[in-house]
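Engineer: Spelled out from the first residue to the last, the chains are:
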Amino acid sequence: MQLARVVGTCVATRKTAGLLGERLLLIQPLDFDLKDKGRIAVAADVVSAAPQEIVWFVRSREAANSLQDPFNPVDCAIVGILDELEMLHEGRMRRIYPGAKS
Amino acid sequence: MRVARVVGTVVGSVKHPQMHGRRLLVLQPLPLGELSGGEPLIAVDVTGVGVGEEVLFVDDGAAARTILGSAGPVRSVVVGVVDETKLEGPEGS
Numbered sequence: 001m002q003l004a005r006v007v008g009t010c011v012a013t014r015k016t017a018g019l020l021g022e023r024l025l026l027i028q029p030l031d032f033d034l035k036d037k038g039r040i041a042v043a044a045d046v047v048s049a050a051p052q053e054i055v056w057f058v059r060s061r062e063a064a065n066s067l068q069d070p071f072n073p074v075d076c077a078i079v080g081i082l083d084e085l086e087m088l089h090e091g092r093m094r095r096i097y098p099g100a101k102s
Numbered sequence: 001m002r003v004a005r006v007v008g009t010v011v012g013s014v015k016h017p018q019m020h021g022r023r024l025l026v027l028q029p030l031p032l033g034e035l036s037g038g039e040p041l042i043a044v045d046v047t048g049v050g051v052g053e054e055v056l057f058v059d060d061g062a063a064a065r066t067i068l069g070s071a072g073p074v075r076s077v078v079v080g081v082v083d084e085t086k087l088e089g090p091e092g093s
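Chains Z and Y, in that order, give the protein sequences. For the first sequence, position 63 (counting from the first letter as 1) is numbered 63 according to my numbering, and the numbering increases by one without interruption. For the second sequence, position 53 (counting from the first letter as 1) is numbered 53 according to my numbering, and the numbering increases by one without interruption.
Please keep in mind that the hints were generated in silico from the structure rather than gathered at the bench. Careful: at least some of the hints might be erroneous.
Covered by chain Z, according to a simulated footprint, are these stretches of chain Y (three or more residues, beta-carbon under 8 Å) [stated by the list, open to error]:
# : segment
1 : 1-10
2 : 32-38
3 : 50-61
4 : 76-89
Some chain Y residues near chain Z, calculated using beta-carbon distances under 8 Å [unchecked claim]:
# : residue
5 : V26
6 : P29
7 : G69
8 : A71
Take a look, some chain Z residues computed to stay more than 10 Å from chain Y by CB distance [stated by the list, open to error]:
#  : residue
9  : M1
10 : C10
11 : L19
12 : G21
13 : S48
14 : A63
15 : P73
16 : G80
17 : E84
Cβ atoms here follow ideal geometry from the backbone N, Cα and C, with glycine treated the same way.
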């Protein structure tokens, strides 16, 4: 699983049956310093993430398993909303998110 | 299975039910041999391992479902703590 920021929504009225009723969001993948990394992707959202929220997501076949019916064509899914991220930095834990000012 | 170092922790209360009550760790896969370990990732912990420790993890959904005992999207799970890894080449190492 990797981190991403929710940067938009994607609406598709006509879609394959397995995607009906699913919320699709645009996510910008992030590294563990919360800097942009790689290209924006469309992801199914099972946690009701909000715009600009930092989330974690999964790719590949496991993404489809996040929906109620695992037989669907999803290959990228948001599966958690980040509350706190701490990383080891020079032997000490450093809080990356939420930052010091929030 | 692969070897990694625990380099961070992730906390979030809204998440897929397969992760409810589970710790989430940031792992940096370690190089074994000449190839780099690759990109860091978030994994579920079932061992109670600490930050800084070297661990063994699986990166496959079927293995993860077997360990967690439930269906869901998790594919990376920490399954052990590494005491030692030793590469032994033809000339010894």
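Engineer: A separate judgement is required for each hint: does it hold in the structure or not?
Structural biologist: Right, here's what the structure says about each hint:
Remark: the segment 1-10 of chain Y is confirmed as covered by chain Z, as 5 of its residues place a Cβ nearer than 8 Å to a Cβ of that chain, reaching the required three. A count of 0 residues in the segment 32-38 of chain Y with a Cβ less than 8 Å from any Cβ of chain Z is obtained; the coverage claim is therefore unmet, three being the minimum. Interface restraint, the segment 50-61 of chain Y with chain Z: holds (3 residues with C-beta to C-beta distance below 8 Å; minimum three). With 1 residues having a beta carbon nearer than 8 Å to a beta carbon of chain Z, the segment 76-89 of chain Y misses the requirement of three or more and the stated coverage is violated.
Interface restraint check: Y/V26 against chain Z, minimum CB-CB distance 6 Å, threshold 8 Å, status holds. At a threshold of 8 Å, the smallest CB-CB gap from Y/P29 to chain Z is about 13 Å, leaving the interface hint violated. Hint status for Y/G69 relative to chain Z: violated, with the closest Cβ pair at about 14 Å, above 8 Å. Proximity of Y/A71 to chain Z holds as hinted, the smallest CB-CB distance being about 6 Å (cut-off 8 Å).
The claim that Z/M1 is not at the interface with chain Y is violated, since a C-beta of that chain comes within 10 Å of its own (minimum 4 Å). In this structure Z/C10 is separated from chain Y by more than 10 Å, as the shortest Cβ-Cβ distance comes to about 19 Å. Every CB of chain Y is more than 10 Å from the CB of Z/L19 (nearest about 16 Å), matching its label as outside the interface. Remark: the non-interface label on Z/G21 is consistent with the geometry, its nearest Cβ contact in chain Y lying 17 Å away (cut-off 10 Å).
Residue placement check: Z/S48 does not keep its beta carbon more than 10 Å from all beta carbons of chain Y (closest about 8 Å). Consistency note on Z/A63: stated as away from chain Y, yet its beta-carbon is not over 10 Å from all of that chain's, at 6 Å minimum. Non-interface status of Z/P73 relative to chain Y is upheld: no Cβ of that chain comes within 10 Å, the nearest being about 15 Å off. For Z/G80, the non-interface assignment is contradicted: its Cβ lies about 4 Å from the closest Cβ of chain Y, within the 10 Å cut-off.
The beta carbon of Z/E84 is not kept farther than 10 Å from every beta carbon of chain Y, the shortest such distance being approximately 4 Å.
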